[in-house]
Amino acid sequence: MSRRFDIHYVLDFIPKLLAYLNITLLIVGSSIALGLLIGLLVALPRLYNVPGLQRLSRIYVSFFRGTPILIQLFLVYYGLPEILGWLHIDVSRIAVLYFVILTYALNSGAFISEMIRAAVEAVDKGQVEAAQSIGMSGYQTFRRIILPQALGISVPLFGNLVIGNLKDTSLAFTLGVMEMTGRSQTLGTATQHFIETYIALSLIYFVISVLLERAFVWLERYLNQYAGKEQTSRQQRMAKRWQARLIPISDRGGKQG
Amino acid sequence: MSFDPSFMWTAFLSLFKALPTTLFITIISVAAGLVIGTIVALARLYRIPVLSQLASAYVTFVRGTPMLMHLLLIYFGLPIIIDGIAGLVGSSFTSASIPLLAFACIAFSITAGAYMSEVVRAGILAVDKGQIEAAHAVGMTTPQALRRIVFPQALAVSLPNLSNSVIGMLHGSTLAYTISVIEINAQAQIVAADNWKYFEAYLAAALLFWGLTVLIERMSGWLEYRLNRFQRGGAA
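Top line first, the protein sequences correspond to chains A and B. For the first sequence, the working numbering gives the first residue as 1106, with consecutive numbering after it. For the second sequence, the working numbering gives the first residue as 96, with consecutive numbering after it.
There's no promise every hint is true.
[Unchecked claim] Chain A side only, calculated, beta carbon under 7 Å to chain B, not exhaustive: (1) Gly1171; (2) Thr1172; (3) Leu1180; (4) Ile1300; (5) Val1315.
[Claimed, not checked] Just so you have them, the derived chain A footprint on chain B, three or more residues with Cβ under 8 Å: (6) 152 to 165; (7) 168 to 182; (8) 296 to 306.
Quick caveat, the hints were computed from the structure, so don't treat them as lab data. Glycine included, every Cβ here is placed at the ideal spot set by N, Cα and C.
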């Protein structure tokens, strides 16, 4: 099946794979940026209990969290042109990379909307009341009181999402996008040294994940520098536990242990 | 080529043929992952020398790399190791006789083990230290205390995380198609290519996964309610 293991190939492949790191990071960066926008739009109806839209955003989140990303990739790739075809919009000339970015954005959007909700809900209700009692408007309360605290709370969740997104980009090769994993496939086929390419690729993913994790830990410390230690960890625990309740199709109220 | 809703039913029926494979991979990897995860979590919690460092390295590596890498590393790496050993021992066993499904199960068990260890660890840490001290005080040994006192409570606490991991493994099982295991995703591809109806086939697959996910969610919710029944009400 493949030739004898040769460690030199691992070292040889790393720079070759790194040449495609920019595509991987482009997918991660643009889909997370777009996902933040989608996530905010999806979270708002549920934060403010907007009747019809709330239901829609629930179904959206449930669907994208309830189906594998791989299926979503194929679904968007094959389904979007068809749906747009009904509206007589031709997208057959658009590069597959954009379909991939859109899929990851839609997927991240669902998770990010849950993250936003978890973070906002984790901010103490008394904070809002206190802000209103000293005469702040709704927007001021959000901007000055909720947002800074929610940001600090959401950083670990966000970090996990970004790292998860990075790892998911390894699936983009299934649609033929030439990112790092796609390149590793061609390298493996060309040299018949598959195991070496995958070791090299794993090392790259690993290093980027660790770097990202470090960066988010630093960011978390920076954003929470004014918050009491105990308070922050309590809120983060709350947010995390809250977020662990995936797919809130039904409100499972009154289930606190 | 136009959208054909009736084909979705055909696709559904065909996908059901692959459902057992998907469930098999998921259940095996979750079960093995729980065993690995518990061992790893205990090794780290009790700071067993060497083992705990190895466990940390394992968890960090697996969590830092995509699941696809684990699958491909096992798929391409394990045969080299097995054939190497078989060659040394002089056994006639070759890696070619191992079914593809086994590679998927082994790889995903390794993935699940690392994620499960975090679930188990968080669950055990969530149980009050006083509980294990009380168990020791009435004369239980540590294994007894863990099994009778800590684990039941930890399970109740960690159910939401656990069901998330199960769902993650269910979704991850779609990767098995890259090593030609015919699970739901691969079956969708086959049906789609045979009839040239890609959108319908993947939509059916997505709906199937969605249904399974909601089912797991509901079950975990019900189980959580059951397990926490003795914790509620009164002077807690």
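A quick look at each hint next to the structure:
no. : hint       : result
1   : Gly1171    : 4 Å, holds
2   : Thr1172    : 5 Å, holds
3   : Leu1180    : 5 Å, holds
4   : Ile1300    : 4 Å, holds
5   : Val1315    : 6 Å, holds
6   : 152 to 165 : holds (count 9)
7   : 168 to 182 : holds (count 5)
8   : 296 to 306 : holds (count 6)
Violated hints are absent here; each numbered hint is respected by the structure.
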